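*Asks:* Go by the hints and put chain B onto chain A.
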Amino acid sequence: MENLCIKQTKSTPTIQFDVVNNKLRIEGQSYPENAFRFYEPIFTWLDQYLLEVDKATVLEIYFHMPYINTSSSKCIMMLLEKMENAYQDGRKVAIQWYYNREDEMALECAEEFKEDLILPFELVALDNDE
Amino acid sequence: MMNKNQDNLGLKKIESDSSLMYDGTAMKIVSFASLIIVLAVIFTGGVSYFITRNAIVDKLKSRDLIYIIESATAKIDGRIARARETSLLLARDPVINEWVLSGEKNEQLGKYAKDKLIDMVSSYDYVRSFVASAVTENYWDEEGQILEKMSKKNPDNRWFYKVLKSNKAVYLNINYDSERKNTYVYLNALMGDLKHPIGTAGVGLSLEDIAQEFTTYKFGESSALWLVDGKGEIHLADRVEQNGKYLNDFMPDVVVDQIVADTNSQQTQPQILEYVNEAGETIDLAYKRTESNDWKVVFQIKRSESIAVLETIKMNTVIASFIAVFMITLVFYLISRRIANPFKRALLLTQKMEQQVKERTRELAASNEKIMDSIQYARVLQESILPNPKELSEVLGAYFVLWRPRDIVGGDFFWVRHLSREKSLVALIDCTGHGVPGAFMTMAVNSALKHIIEQNHTEPARILSELNLQIKQVLHRNSQESFSDAGLDIAICAIEGHSRLNFAGAKLSLYVRRDQEIYTLAGDHKSIGYKASLENLTFSSHNWDIEVGDQFYLTTDGYLDQNGGKKNYSFGKKKFITEILAQQEVLSAQAGQFESVLQKYMGDEPQRDDITLIGFSLR
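Chain order of the listed sequences is A and B. The numbering of the first sequence is this note's numbering, which starts it at 1 and goes up by one. The numbering of the second sequence is this note's numbering, which starts it at 1001 and goes up by one.
Simulated from the structure, these hints should not be mistaken for lab results. These numbers come from a predicted model, not from an experiment. Fair warning: there could be bad hints in the mix.
[Said to hold, decoys possible] Label pairs and their computed distance ranges (CB to CB): (1) A:P120 x B:E1363: 51 to 59 Å; (2) B:R1500 x A:N3: 55 to 63 Å; (3) A:K7 x B:L1347: 32 to 40 Å; (4) A:N3 x B:E1391: 53 to 61 Å.
We treat Cβ as the ideally placed atom computed from N, Cα and C, and that holds for glycine.
Just chain A, with the same shape it has in the complex (with noise of 0.2 Å):
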């Protein structure tokens, strides 16, 4: 399996999913025209990645998402969708999710992620702006 990259742009987010070190990490903001198109290959990817990866292997997702519109957010909650079932088909998932302490809506953003989530999910507040 291979590494899954995606470079920034200013409407779509980083995605580096490395299968070496089975850590995924989604970063920057995400408001495309058409969103499902963006993370359609994603989806194929993780779904593809979950079923060969070994039951045993941690899997370390990090997020940090200053901004995701409407449909996005849609995508993103069918990713973690996607990590929730893992987690409870018994898999090893762990979602760290970065903000900046200052961005409340950002915060409110991933409190709402996680609301409907039983899987580890962090919340790391920044307060360094980068």
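*Replies:* This is chain B only, laid out in the frame that chain A set:
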């Protein structure tokens, strides 16, 4: 209009093409290079001309003139030397001596002597032979006869007595015969003892023979070869008519004097000099003294004739210059064309591309205009589903609306409905997406709401459940596998009289300002109409008892999520609430305030999402 534009473009293209054909700079370079090469050719030609000229003159002086004068002198000297020997042989013949001593009386001896004289002329190339006796003073000639009797009184015979007294073995005597126009050289050898000679014998030769040799020394039209005596008289010339004239007739006296006066030394070396004649021409001259006597052989030739070959060099240089210029011009022209061509092609290509870009831009502008027209019309349609101010004020009392779709049309809209005298509904809806897709959604949601009301659902939470069901049915009938997924966020209030308000929200909240407090009636974290939305969604119902002075605010996430400020964060709820509290104006005047605050916050950042903000007081 289009045709006219194309014509203009075509014309412009031809003009710029022709301007490409004439490259002034290239021509300047070609001319400059040609000039340099011509100068170089002329310079090298000039240098080689002078070098060659000096070499020729040098060779002329050091070799050619010397060779000519040496060989001419040698010819004369050789001839005379041979004659001298012959004379000596004749004079020392013992038989002839005895015959002379005998007073020419011995017949037998006389026959021998006479035969000898005759034989000299008939068998050898001498014109004269003689024996002159001091005993008898008889002069015997080449015919074996006595030509005359010598006499001291006869001036013509003076040479005879001079010879006898000369004490020289051989005495050279020159005699110019004006009748024959010929010079004769006599070599007189003394007979017997030098101090007491018994007579003289010898041969005479004609210089005419040598003159014929002289003509072989003809080196040019102007060259001249002379044999002159000590007085400068010409005895022999390569041109017969000059015989008997003087050197002074042919050159300045100064030069003649120099030649004639040069009597000293044993000049075995030829002398070379040059002078300028009356016509201003440079003449090269060589002379040498003959060994036989003090005569001189003189040769001269015009410098211009010697270096005539240089004229050819001059001509060749000029011709070479012309050929070089022609070739260089040709080569430069070809090279510059080869070099210029890619550049020209690039220019043409650029022009072509520019034209294409213009064409495309025009096409794009046209198609953009079409789309914009279409969207502008879509806005008219979208605005037509929005309630008009009269409807709004009937339901909301004092109110303001800030409706700012990101693109001309959008997914945000608001909706009011009078249900009865006492009850009315107000809703703010944010459909997924913006622009045209969002606008489509608003139309669907609008008619769904209408349908639900017609089914007599009037309680907000209930309306949301119904809406969820209907939108799911409408949007996702055929899309089990597709990723297309759309839905909406909504806030809806039912207003009963002026006393009670019932609110339900799907991801949107109601903010109420009462005095300096803000109360948030939060909507549920549930979206409506998405594939992932459950079919039997239920929503919380919030009641609010209205007091005089309550102000109500509904907003879509466009306002709250708009990025900006120093850190480029979203505007956020806190700021929004602060802003509500900061409002001093009546509701109807607040739209401008909220908009300018947001505008200031976002600065140059583009609008992220559709923005709708409604404020109302119900009074």
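*Asks:* If a hint holds in the structure, say so; if it doesn't, say that too.
*Replies:* Here is how each hint holds up against the structure:
no. : hint                         : result
1   : A:P120 x B:E1363: 51 to 59 Å : holds, 55 Å
2   : B:R1500 x A:N3: 55 to 63 Å   : holds, 59 Å
3   : A:K7 x B:L1347: 32 to 40 Å   : holds, 37 Å
4   : A:N3 x B:E1391: 53 to 61 Å   : holds, 57 Å
The structure shown violates none of the earlier numbered hints.
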